[in-house]
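Novice: Sequence:
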Amino acid sequence: MTVRQEPSGLRAGQARRVRAWTEADRERGGRGECLLRLPGILLVDTECCTDHERFIGPGYEDGYGVVLTRSGAFRWRQQGEESWMDATAGYLTRPGDEVYSAHPLGTGDTATLIHLGETEFAERFDGAGSRRRLVVTGPTDLAHRSLLAAARRGTDRFELADRVQQLLGRVAGDAGCGGVDEVAPLPARRVHQRLVADACEALAAGSLTGSLDDLAGRIGSSPHHLSRVFRRVTGRTLTAYRNELRIRAVLEDLAAGRGGLRALSAAYEFADQAHLTRVMRRHVGETPSAVRELLCRK
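Under my numbering, residues 487 to 784 are what the sequence shown spells out, in order.
Just to be clear, a hint being listed does not mean it is correct.
Said to hold, decoys possible - Pair by pair, the computed Cβ-Cβ distance ranges are:
id, residue 1, residue 2, range
1, Val-677, Gly-746, 38 to 48 Å
2, Arg-680, Tyr-546, 19 to 29 Å
3, His-538, Glu-779, 12 to 22 Å
4, Gly-696, Leu-528, 21 to 31 Å
5, Ala-674, Thr-605, 12 to 22 Å
6, Phe-644, Cys-782, 13 to 23 Å
7, Leu-524, His-710, 43 to 53 Å
8, Arg-714, Arg-768, 21 to 31 Å
9, Thr-723, Ala-757, 17 to 27 Å
10, Gly-526, Ala-757, 42 to 52 Å
11, Pro-544, Gly-592, 16 to 26 Å
No lab work stands behind these hints: they were computed from the structure. Glycine included, each C-beta is placed from N, C-alpha and C at the ideal position.
Please construct the entire structure, taking both the sequences and the accompanying hints into account.
Specialist: Structure representation (structure tokens):
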């Protein structure tokens, strides 16, 4: 995939990838590369090659799996529940799930798909009930990205299998994360979910440095209502989510070998490199320098 030689994640105006999609990619709706085959488990690096701004579907899932988004953002409707997907989120799939997707920002996305057999899925996720959407914490995201880097470096299969199992364990642990909006009536939950998705889309489409009042005004809400609903639905504050977005964008650039730490600090509007280091250590438990070594593909 061809990219600009600059930070590619979220920033003012959102620097975007230069797409190099073929007609065949568009016809299929995406492309993928299998990185690892294990009994009952298939690890696939995927890129969605569609930029439709309105929902298309329905499609139907044909297997069990875990999808972890790495870059890009999109609206996702699964079994009637609508949510916003970005590098802080993922979802579970079960056979027969009815799904729709839309890319209102006009870009595709990249994700890791972990196909699982029914037994492997049940061992980890049978307790998740009807929930599909996943909140992906910083340490889990780093474990995910380092697994891909290890697979591309040709790490031995025993270690890769162990890393996959550890990652699935983390994802299963994160499956209990999220909001407590289940007590609200269903119509209210749907309204709250749309408001949260609107806020996430607004952050993804514009500057991350605007005020809470600016953000609320752009989506037709009050700051108080938006702040309260966002935490109720997602289980985290808007501030924490905004910082997650910036850190995930930095991780994506470090994994691709783009930019020095000083340049990345400026691009994602951290006060300085020390500020970036503090925020990254808080979110993923490692410094930017350590993360760069961990995600190196060579």
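Novice: Against this structure, judge whether each hint is valid.
Specialist: Hint-by-hint comparison with the structure:
1. Val-677 x Gly-746: 38 to 48 Å: holds, 44 Å
2. Arg-680 x Tyr-546: 19 to 29 Å: Distance hint for Arg-680, Tyr-546 holds at roughly 23 Å.
3. His-538 x Glu-779: 12 to 22 Å: With Cβ atoms ~38 Å apart, the hint is violated.
4. Gly-696 x Leu-528: 21 to 31 Å: Hint violated: Cβ distance 41 Å, outside 21 to 31 Å.
5. Ala-674 x Thr-605: 12 to 22 Å: The hint (12 to 22 Å, Cβ to Cβ) is violated, given that Ala-674 and Thr-605 are roughly 38 Å apart.
6. Phe-644 x Cys-782: 13 to 23 Å: Since the Cβ atoms of Phe-644 and Cys-782 sit about 21 Å apart, the hinted range of 13 to 23 Å holds.
7. Leu-524 x His-710: 43 to 53 Å: holds, 49 Å
8. Arg-714 x Arg-768: 21 to 31 Å: Check passed, 24 Å falls within 21 to 31 Å.
9. Thr-723 x Ala-757: 17 to 27 Å: Distance hint for Thr-723, Ala-757 holds at roughly 19 Å.
10. Gly-526 x Ala-757: 42 to 52 Å: At 47 Å between Cβs, range holds.
11. Pro-544 x Gly-592: 16 to 26 Å: holds, 22 Å
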